[in-house]
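Q: Here are the chains, one letter per residue:
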Amino acid sequence: MKATQSIALILLSALSLSGQTAADPAPPKKEEINVWSSSVGLRFSYNQINTLIGDSESPNRQSLMHAMLTWDFDVSDYLTIGLMGGYALTRMKDPVDFTTLPLSLRINQEQYAGLVFGISLKSDFTSFGDFTARIQGEFLYLLRDSQEWPIELPIETGTAQVSQNGFLATADLILQFDGLSGIMPFAGIRGNVASGQFFASETIEELTGQEKINWKQKSLFGPLAGATFEIGSSVEITLTASLLARFGADLQIRYLF
Amino acid sequence: MRQPMILTVLLLMGTLSSSPAISESFLYVPDQLIVRFNSVAGIRTESTILSAFPEEIKAVQPLPELNCTLIETHPQVNLVTFGNRLLAEKWCSKVSLNYYARLREKIPNDPEFPYQYALKNSGQFVYPPATAENYSGRSGADIKATKGWDWTVGSETIIVAVIDTGVLLNHEDLQSKIGSGGKNFLEETELPVDDHGHGTEVSSIIAADTDNGIGMAGVCWLAKIMPIKVFNSQNQADSKAIALAIRYAAENGAQIINMSFTLEEDIFYIKEACKYAYEEKQCVLVAATGDSKQEGVLYPAAYDQYCIAVGATDANDQLWTQSNYGAQTDVVAPGAHILCATIDKDKPTNMRTYTRKSGTSYATAMVSGAVALLKSYKPGLTNIQIRQLLQYTADDVNQATLKGKDKYMGYGRINLETLLSPYLLTKPDAELPES
Chain A
1 MKATQSIALI
11 LLSALSLSGQ
21 TAADPAPPKK
31 EEINVWSSSV
41 GLRFSYNQIN
51 TLIGDSESPN
61 RQSLMHAMLT
71 WDFDVSDYLT
81 IGLMGGYALT
91 RMKDPVDFTT
101 LPLSLRINQE
111 QYAGLVFGIS
121 LKSDFTSFGD
131 FTARIQGEFL
141 YLLRDSQEWP
151 IELPIETGTA
161 QVSQNGFLAT
171 ADLILQFDGL
181 SGIMPFAGIR
191 GNVASGQFFA
201 SETIEELTGQ
211 EKINWKQKSL
221 FGPLAGATFE
231 IGSSVEITLT
241 ASLLARFGAD
251 LQIRYLF
Chain B
258 MRQPMILTVL
268 LLMGTLSSSP
278 AISESFLYVP
288 DQLIVRFNSV
298 AGIRTESTIL
308 SAFPEEIKAV
318 QPLPELNCTL
328 IETHPQVNLV
338 TFGNRLLAEK
348 WCSKVSLNYY
358 ARLREKIPND
368 PEFPYQYALK
378 NSGQFVYPPA
388 TAENYSGRSG
398 ADIKATKGWD
408 WTVGSETIIV
418 AVIDTGVLLN
428 HEDLQSKIGS
438 GGKNFLEETE
448 LPVDDHGHGT
458 EVSSIIAADT
468 DNGIGMAGVC
478 WLAKIMPIKV
488 FNSQNQADSK
498 AIALAIRYAA
508 ENGAQIINMS
518 FTLEEDIFYI
528 KEACKYAYEE
538 KQCVLVAATG
548 DSKQEGVLYP
558 AAYDQYCIAV
568 GATDANDQLW
578 TQSNYGAQTD
588 VVAPGAHILC
598 ATIDKDKPTN
608 MRTYTRKSGT
618 SYATAMVSGA
628 VALLKSYKPG
638 LTNIQIRQLL
648 QYTADDVNQA
658 TLKGKDKYMG
668 YGRINLETLL
678 SPYLLTKPDA
688 ELPES
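Going down the list, the protein sequences come from chains A and B.
So the first sequence is numbered by the numbering used here: it starts at 1 and just counts up by one.
So the second sequence is numbered by the numbering used here: it starts at 258 and just counts up by one.
Treat the hints with care, since some could be wrong.
To be verified - What follows is a set of in silico ranges between Cβ atoms, one per label pair, in the way DEER data are often shown:
1. Gly-191/A <-> Val-286/B: 33 to 39 angstroms
2. Glu-362/B <-> Lys-212/A: 29 to 35 angstroms
3. His-331/B <-> Gly-191/A: 32 to 38 angstroms
4. Ser-234/A <-> Ser-308/B: 41 to 47 angstroms
5. Ser-181/A <-> Leu-323/B: 55 to 61 angstroms
6. Thr-159/A <-> Thr-639/B: 18 to 24 angstroms
7. Ser-37/A <-> Val-286/B: 48 to 54 angstroms
None of these hints come from the bench; they were simulated from the model.
No residue lacks a Cβ here, since even glycine has one placed at the ideal position from N, Cα and C.
Please model the complete structure; the sequences and the hints are all you need to start from.
A: Written as structure tokens, this is what we have:
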């Protein structure tokens, strides 16, 4: 063991000496301390997504409202990672039927509350003139509370439980104009994939059943536009509006450290 | 079929109570309430109502034709809770949700359908008006077939075995409904042709060719009949043949076995045949309680573990006077003066003859048709689930005198609307006091 350490020490000394002899003394190198800049913020989103539920071919519009805390941090000059979490509300425009349960069930325009968690990636991958091209994406997972309902039939009674989950994955290709002071408008194309499931179960005396219905988004692509407003040196407000894939608006207030 | 016209109407005033039998009509327009002012408490104007509940009410619109006012609420307002608050105000006498009414009915074009009160009873005459015995029933005393048909009219993959006198195979309303696998246990080499009439009558109630502009409507439009002849022209059958017929039906693809006959005795090999069909082959067995006007469900309906025992009602949702009853009775269905196809052997009109008959046999056929619809719509259900669902969705039509399951009507008269349409989930507080 001691022999190995001695050899290593000798080799290192040799390398060090060889380096000193091979070049002229260089000026002391400026040390770079890599500090990740980050921001925290609040984000409010309202979106409407046309969804196809089960085998149905007619879309059922799903409204989603999110209130989230966000934390973004730059891991390099070109990449920002964000984490987010908060509260979500969803509502279907048309009734959702569970028709393979023994007793078919229908939920009608009920609002589901629950949690939303997500991760985002953002990269300003190139700039030219006053323009910056950006690609960004995010993945949100929606976990709604299970709701319980009474079932009252002429003689027997029972209960039904319905819950819902789902995800939204979004990829945006954006061109931002940086030539204005304090405001940076942008526009682009949004690709959006949303999918999830409804779960229903019922118990009426000895009669029980479960059903799972998948839902998915109908339109996958659409335009988006918005602007980021700089308020002072530490606060940014970003407004985004999108159509087709996700019809909605998004307001994000960020404090930059 | 699944996208009917929607009419928005004011259905109920004064109560938002949830009904035990929730139906399509219980959908309502979001964010709207309709109120009527109490004139005794003085005149309120729309603006004063708006100012009294600024956080709940978005807009107010008078409906002078209805002597009501439409209140539009903000989206976050719970309509039922807010409706209750309004009812507590002196000036408010009635509150209603703005319910949707849906024309969710499927009416077939068969010329005899208007006289099939069992399927849809609008208080019409039970017979065509010229008949001396005529009487009219009570509107709504029916199995709600037209509303059930909005969800399904059946499937050709469903086979109902009818263990009976055979079927008139060329009857105009049945000839296209005979599936493969029928059998004549009296003459093995012969077709199961009906020489009595009963089997044809029962089969037509289950699955007559419907919406074909001819004759009558069956409960399950598309199901196929497997005729199994064990009864002769004198309405007699030996119990060995019945047991063999039950096993034969189960082994040859029948999902439902209709047994519109009764036996006085508990015969062990018939019970074993029922057990085999029910447990080994997952068949649904439907049997008649009997027509001897007495307490005591006859066999095979009395094999409670395996058979759905069916009693009969009349056009007023009363127990048919001759119907047997007992603890094993599961459900009832109309069985008095039921229109059905039959035979008239000696006449050239044989294959287009119809009649009216009464008996638990015909009520049993109604239930077999209902099971065929349910099995078509939800093929994954087990025979146990089907039986439970039939029971739990039946209307407790004699609840005024005997609330709950009783020996006369079991769980009640079957209801195809409740059986097949979705139950609308509503919050527990979705109930307002009577005003």
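Q: If a hint holds in the structure, say so; if it doesn't, say that too.
A: Here is how each hint holds up against the structure:
Between Gly-191/A and Val-286/B the beta carbon distance is about 36 angstroms. The supplied range of 33 to 39 angstroms therefore holds. Distance hint check for Glu-362/B and Lys-212/A: the Cβ-Cβ separation is about 31 angstroms, which falls inside the suggested range of 29 to 35 angstroms. Take His-331/B and Gly-191/A: their Cβ atoms lie about 34 angstroms apart, and the range 32 to 38 angstroms holds. Hint check: Ser-234/A to Ser-308/B, Cβ distance near 44 angstroms, so the stated range 41 to 47 angstroms holds.
For the pair Ser-181/A and Leu-323/B, the supplied restraint of 55 to 61 angstroms holds, since their beta-carbon distance comes to about 60 angstroms. Distance hint for Thr-159/A and Thr-639/B: a CB-CB separation of about 21 angstroms, consistent with the stated range 18 to 24 angstroms. Look at Ser-37/A against Val-286/B: about 51 angstroms separates their beta carbons, and that is inside 48 to 54 angstroms.
Of the numbered hints listed earlier, not one is contradicted by the structure.
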